[in-house]
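Start from the sequences, fold in the hints, and give me the full structure.
Chains as they are written, first to last, in the numbering used here: chain X, 34 to 284; chain Y, 34 to 284; chain D, 34 to 284; chain H, 34 to 284; chain G, 34 to 284; chain U, 34 to 284; chain W, 34 to 284; chain R, 34 to 284.
No lab work stands behind these hints, which were simulated from the structure alone.
In this text, all values refer to a predicted model and were calculated from it rather than measured experimentally.
Backbone N, C-alpha and C fix where the C-beta goes; we use that ideal spot for every residue, glycine too.
Keep in mind that the hints are not guaranteed to be accurate.
[Claimed, not checked] Partial pick of chain G residues on the chain X-facing surface, computed with a CB cut under 7 angstroms:
#: 1; residue: 44
#: 2; residue: 46
#: 3; residue: 56
[Unchecked claim] With beta-carbon atoms standing in for the labels, derived distance ranges:
#: 4; chain 1: H; residue 1: 146; chain 2: U; residue 2: 148; range: 35 to 45 angstroms
#: 5; chain 1: X; residue 1: 181; chain 2: D; residue 2: 106; range: 22 to 32 angstroms
#: 6; chain 1: Y; residue 1: 41; chain 2: W; residue 2: 125; range: 55 to 65 angstroms
Protein chains: 8
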Amino acid sequence: MHSDRIRELLESVSRGETEIDEALERLRMLPFEDTGYARIDHHRQLRRGFPEVLFCQGKTPEQITGIARRILEGGSDLLATRCAPEAFEAVRADLPGAVYHEEGRLFAVRLSPPRENGLVAIVSGGTADRPVCEEAALCAHYLGCAVERHYDVGVAGIHRLLSSWERIRAADVIIVVAGMEGALASVVAGLADAPVIAVPTSVGYGASFGGLAALLAMLNSCAGGVTVVNIDNGFGAAYAAAVICGRPSRR
Amino acid sequence: MHSDRIRELLESVSRGETEIDEALERLRMLPFEDTGYARIDHHRQLRRGFPEVLFCQGKTPEQITGIARRILEGGSDLLATRCAPEAFEAVRADLPGAVYHEEGRLFAVRLSPPRENGLVAIVSGGTADRPVCEEAALCAHYLGCAVERHYDVGVAGIHRLLSSWERIRAADVIIVVAGMEGALASVVAGLADAPVIAVPTSVGYGASFGGLAALLAMLNSCAGGVTVVNIDNGFGAAYAAAVICGRPSRR
Amino acid sequence: MHSDRIRELLESVSRGETEIDEALERLRMLPFEDTGYARIDHHRQLRRGFPEVLFCQGKTPEQITGIARRILEGGSDLLATRCAPEAFEAVRADLPGAVYHEEGRLFAVRLSPPRENGLVAIVSGGTADRPVCEEAALCAHYLGCAVERHYDVGVAGIHRLLSSWERIRAADVIIVVAGMEGALASVVAGLADAPVIAVPTSVGYGASFGGLAALLAMLNSCAGGVTVVNIDNGFGAAYAAAVICGRPSRR
Amino acid sequence: MHSDRIRELLESVSRGETEIDEALERLRMLPFEDTGYARIDHHRQLRRGFPEVLFCQGKTPEQITGIARRILEGGSDLLATRCAPEAFEAVRADLPGAVYHEEGRLFAVRLSPPRENGLVAIVSGGTADRPVCEEAALCAHYLGCAVERHYDVGVAGIHRLLSSWERIRAADVIIVVAGMEGALASVVAGLADAPVIAVPTSVGYGASFGGLAALLAMLNSCAGGVTVVNIDNGFGAAYAAAVICGRPSRR
Amino acid sequence: MHSDRIRELLESVSRGETEIDEALERLRMLPFEDTGYARIDHHRQLRRGFPEVLFCQGKTPEQITGIARRILEGGSDLLATRCAPEAFEAVRADLPGAVYHEEGRLFAVRLSPPRENGLVAIVSGGTADRPVCEEAALCAHYLGCAVERHYDVGVAGIHRLLSSWERIRAADVIIVVAGMEGALASVVAGLADAPVIAVPTSVGYGASFGGLAALLAMLNSCAGGVTVVNIDNGFGAAYAAAVICGRPSRR
Amino acid sequence: MHSDRIRELLESVSRGETEIDEALERLRMLPFEDTGYARIDHHRQLRRGFPEVLFCQGKTPEQITGIARRILEGGSDLLATRCAPEAFEAVRADLPGAVYHEEGRLFAVRLSPPRENGLVAIVSGGTADRPVCEEAALCAHYLGCAVERHYDVGVAGIHRLLSSWERIRAADVIIVVAGMEGALASVVAGLADAPVIAVPTSVGYGASFGGLAALLAMLNSCAGGVTVVNIDNGFGAAYAAAVICGRPSRR
Amino acid sequence: MHSDRIRELLESVSRGETEIDEALERLRMLPFEDTGYARIDHHRQLRRGFPEVLFCQGKTPEQITGIARRILEGGSDLLATRCAPEAFEAVRADLPGAVYHEEGRLFAVRLSPPRENGLVAIVSGGTADRPVCEEAALCAHYLGCAVERHYDVGVAGIHRLLSSWERIRAADVIIVVAGMEGALASVVAGLADAPVIAVPTSVGYGASFGGLAALLAMLNSCAGGVTVVNIDNGFGAAYAAAVICGRPSRR
Amino acid sequence: MHSDRIRELLESVSRGETEIDEALERLRMLPFEDTGYARIDHHRQLRRGFPEVLFCQGKTPEQITGIARRILEGGSDLLATRCAPEAFEAVRADLPGAVYHEEGRLFAVRLSPPRENGLVAIVSGGTADRPVCEEAALCAHYLGCAVERHYDVGVAGIHRLLSSWERIRAADVIIVVAGMEGALASVVAGLADAPVIAVPTSVGYGASFGGLAALLAMLNSCAGGVTVVNIDNGFGAAYAAAVICGRPSRR
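Printed below as a string of structure tokens:
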């Protein structure tokens, strides 16, 4: 569409219907709105294939509500992550239809019909990683993927992982969520033939240094095909998974 | 196939053709050979979809030759990375047919016909990143992808990137290779609708801390869909890209 | 036993009492239960010689209670570490028989008779290290060792340590707990002929960097025979000590 | 003036009006007052061209009020940064005329007429960076510059930045405020011909390590002309910008 | 000029002389050449006010010669930094007119007449910092500034700095180069009313950690108006200084 | 005395008044008491020249009271550092005669007459460093030194320091307390001929990393004669200063 | 024996055969020799159960020869680690009987008959870890243990490890040697009931940071019973293993 | 003397013998010479009590010779540290009388008669620390102290230290040199009543991180009175020791 609009503009110039100066100006302008604190990018859905996702952390309730409304008024689905329960309480009255998921700390308003472009498996190493797992699982769901959860199949009892393997290997993308030493990513990637996205978590203490140990372990995975996102970034992993799952249908 | 062989074994037990103790033993045995210094995993091609790749760094010429021959004798293609020119000189006589790529520091012996499962774009921010770019490009090629190189389209002159964009956006996976501040990954991911795999490089000096600055920048990318591999790990990015490209055809 | 059960299964297949497909399935299945948030590994006591230990930090009271009950219902002793007083208050009504140790932040339910497989000495460098010391001492006790406490025998007054030495050297394993500069581990290991397990603590300020200084010092100990666990990981040291103490009797 | 006063003193010595010992003593004395907790430097405005700025963080209300009054009594404008709302509440009664800016966490008392020595553009990558942006914008204003704000023009949607570019490039100094990966500084500096001062922010999570990722990225910027200040140091960037803007008029 | 060419293109479309599709294509094209390994940005001089500077480190002699020639053929002055003596030996025959400065590790070819847009003072804390000082001084010179060198006026003998102060304070921009503890930047900035750009150097040993100590000290300077560039980045400081010096004349 | 007591013991053995076994035992015993949580070292005053100092952080009120009483009952002066106001409130009733200093967060009970073995100057760079300064000043006082305070003579206004210099240089030991970039230590040491002990403080933000920047700067001081203690360790600096001051009189 | 000698001395004093002063002196003397550069501790074998081990790195050939001879002349076995081939060449003529192991970089002279106190399994994740593995294996051998090597059973192909498991689990102590992400330690410890000692290696590149990634992963192992030694410290792991193996026989 | 010269100048002004302008100028001038690369501070000996020490690392032979000659021509003793053997070879012909100490990597020319202001003990933990020990010992010697060496009395065999204690405790200042875990500083300071200056060394490997482990351990010493210098900074420790030793005689 972007190219189409430029073409239209050029055609209009060609027909003499648009002045040179005006065309020059409009060529520099891509549509966005300015809410005063955040320019929302309606083009994003076209350009990237997904709506802009609202990251709530560090924003005031007024900022969250304002951005959320504009996204919805633009006709897009809304996905808002890193939203603490109190923050959602402060905005829920202004966003009717918003569904809040407490463990995943996110809310969503779905306008479009659900899709299931591919299957994403969320594989996890410990109960304390659940919030990150749920952020990944729910984001993958809202971004259009089918999701299966395989929590607590950590490497300290490798037989648990092996017993779940037949299901896990059916996935199109495997998201491995693990804190502490992050070894699960390597073990899973050594068995899998699907892309593996590793999410280090800040779960741990002492020399885990807020997730640094798991992050470094995952980056150094001896098993090929592992890529890594930021510590605790369940959304980022889900987003990348959804992009991968969505590829074939887009060609 | 693995399941098939277990099934066969159970059937043989069921028919009384195999002793219990022998079955017990064989159930634990998965085929591998022991060269004395490295067990080669011929099953890998079946399990992961790609042959084992030989990482030469830290290995003696004898070890490289030994492992390479076993892989080839097993009928697999051979891809050997991080091989310095002197190391290749020391093994080339023993590996007829091996093609060495100096800039990418790797060699390969291809037995199977080339495939082009998908298109991988290598996007790069500087001349000094070339060796990592070439490792990524050549590995993607040998792992069965078509490859396009877009080198030196860094963010310090954003117009260069924009002018190449129409080609880049056609790719199934975009690998962004950048040292220094690694900003290129965010800019590309902000424009792209394909999966973006970021490779930080150790190019830089001072506070780049051997690639740490680029690594952290890429992990913190404000643009969704970026996943990251280890510093200078062109192979890792290519491997992940090949896994993603190969998925659709495998379903 | 694991091998025995597989043998039984194979024998059953051999006798035609079990179908191939069922055997195939059961070969992949190792017994575990799924509570919805954490799969409990009853086999652990068999495989590792100790029951699974419940790490409470980061878990909700419901999760703690749920996992604890399953462990107890499986007939194992229960040991639950890193449990804050408020967390224990929230679960104590549901876990009759649980004994809470405030300084060591753990609780236990003992079903089996106490054992004293060997003697573990806990040697400590400061009053502020007491919680970690007590975690180590109590865990070692519940995991079946006799325990002696030698607290506040730090290197700043080496004569204190020397005056307690005759007792300390009688131990089968010596656990050294120290924050700040962690020098106690080296001094003890220089004198001891028993295995020394060092636990760095996060006690200190400024350039102790949350225990990093003590951790690095212990890893670099100039005295042989020192092995190290994570910062503040009293449990880990006790577990390793119990494994060492339990070895001779198991042979 | 400093040299003038020394000259006067020497002349007085020359005329025999001042004793040698007294002159010796006065040569060592530069005028300052001692409030008991902070010596205020009235000479600063002469020496550096700007009044001393009061950094409130870590100071008690009594200390803030005391220092602020002395500055005002010395006839200087007052600019007080890093002042939390509660801290301002505690001092506002004692500082009539003080204007508080909540988002920028600073207050000011202006005695001199406003100046607009040059134009400073504040360019920002995200809503959560607003407090740092406002600190920079307001400090630049009080230090005598015209200010334009271009917030939320981050690199994840490069078209937003490009569409604002015509305004941004008119600035005499561009201050780029960005957390996470800090890529905005490189993109802006690649386009700009004005000095670019980069302010990394502590906005982010996980591997942003409190702004370290953005700081390193900015220091490694591949685009020339970028200089960097401390994490979250909006004031420092504004001060440097004001020094640059004020230069031409001072010659 | 850029806008002019777009205007011309639109006018040509308006006159019917250019096809829509061709215009669409050319709108995306900005002029650059592709040497195979590095696209040279001739527009840079227009956009940023300075020619592209060639960073030689990590480039082969062929790459250096190739890029250098293109820059010269484009009519720009050439400045090539981080060029080791051996590297210059390898390219000097191909670049007649190139002048090499050994201490500053750079070479240049000047086509345009020298300018002296402003005065840059290079202030330094130690003999071992000389290479970085010279890189800064020579780059500032070639980028069109007058330069004064004040080397070895470190804080360990503060009187040396004070005795040179009258000269230093005449500068339009002060570049402070210091390794070890980097205190010189704060002392200079406390006295100066010109912009101070601090360059930490990797000179030092032990806990200087390759310049990290000086870098952190400079970022935390208690004196306002200090901005910082990467460790050993004499060029970056000179570039920023030249941009600042060039501003007034450009308005 | 230690040697004397061993001599006495040997003489007693020689005279047949003490049994061999008893002597053997007593040779290993050095006098200390065991309060259950901390062995107090009454010998310390003899061995080290100062009483044991009680570090309150991380200790319960019961532990503080218990240790404090034993020290006092042993006839020593009491100095208790890092004691928060609430902690002192909880123990004050049990420790009559204890004097609390809020800014220095310490309390003391003096039994011996005050001494002034030497003069310690406390030189400081900012109002926010006051708590650490006061800890140093008060500890030096209680450990037997005369103390002079020179606060807020930071490097950003070097003339303030120079104007106080005549007094500072009279000191036997100079303690420099500084956060942020810690440059004050180098400037003072460059001027001084007395030992300089540098105390980095955690005052600052961003890239000060909790005092790390100041610590590294002080360790890398280009001025000879600077030694450094832990971040915020005012007591440590005072203790070392008192040891130095006390030396001459002890010979 | 130590106590016996003191007893003898006291008895001699008691009988009047030894002067008080002489006894006083001898009580302080423990036997050691002074070679001028290193005091050798012949008591060590008595006190710690093993002879002093000679760490060659950083020592001159003269120092190595000198220390080695004294150890041998004292009647102890000699084990000398971290000895590069050239260093051994320089000393071999002076140490007849010394056997050099190139891959493990160590040499030994055995005077006592070999022992096999227990079985140590060396489990390894990669060919490049061989030197560290061999240091561990050979040290364990010379310190009196039987040794089994299981190299290249890394987690990227978990089936290799499982197929070797029956042998590995027979060991008294398992030493796991792994670089990169170090996940092997967790997987092994999850399966094992013997003590697991983890040795991180510096094998890897980029974000392995010289073995830091593996070290952190091992310290954060989610599987109980793992203790850790310094990076590449094969000797340390072997020493600790030998201490553990030797315990039962010593009781 | 400095004050005296100012007084003389003022008297000259008072007598009308010196012009105001000339006096003004000379008041700013402190005597120094400019060799072109390093201003030598002859006043230093007066101000700090010791001559300037020449740090050779990073300087060319010409620079070393030039600075050394000026120091000698100024009538001062010369002490030149961090001078590699090859560097000394290159300058020895130009500096007759210079004595080189290879292990301590320094040379000196003594013009003044030797002094022994106090006794400095150098206490060391390992043979590999010898170069740093010797730098400390020789510098202390040349700066006017008597020196005793107690090398290789590390904590791994605490009895060695105790047996040397009677001599060590006689020292006025104790310099503790230790790499690896640096525990020796705490043990010595716990016993000593003299000032203890700790020098961490870069001896070690793996997690010693070039001396960082020892540095942190020493900064966190639980024994009071320890101050620390930079890694491997034997000179710095000696200089501080000499300043402390020289104090009493200077009063």
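Each hint tested on the structure:
Using the Cβ-Cβ criterion of 7 angstroms, the hint placing residue 44/G at the interface with chain X is satisfied: the shortest such distance is roughly 6 angstroms. Annotation: interface hint on residue 46/G holds; nearest CB of chain X at approximately 5 angstroms, less than 7 angstroms. The criterion of a C-beta within 7 angstroms of any C-beta in chain X is met by residue 56/G, whose closest approach is roughly 5 angstroms, and the hint holds. For the pair residue 146/H and residue 148/U, the supplied restraint of 35 to 45 angstroms is violated, since their beta-carbon distance comes to about 59 angstroms.
For residue 181/X and residue 106/D, the hinted distance range of 22 to 32 angstroms is satisfied, since their beta carbons lie about 28 angstroms from each other. The hinted range of 55 to 65 angstroms is satisfied by residue 41/Y and residue 125/W, whose Cβ atoms lie roughly 57 angstroms apart.
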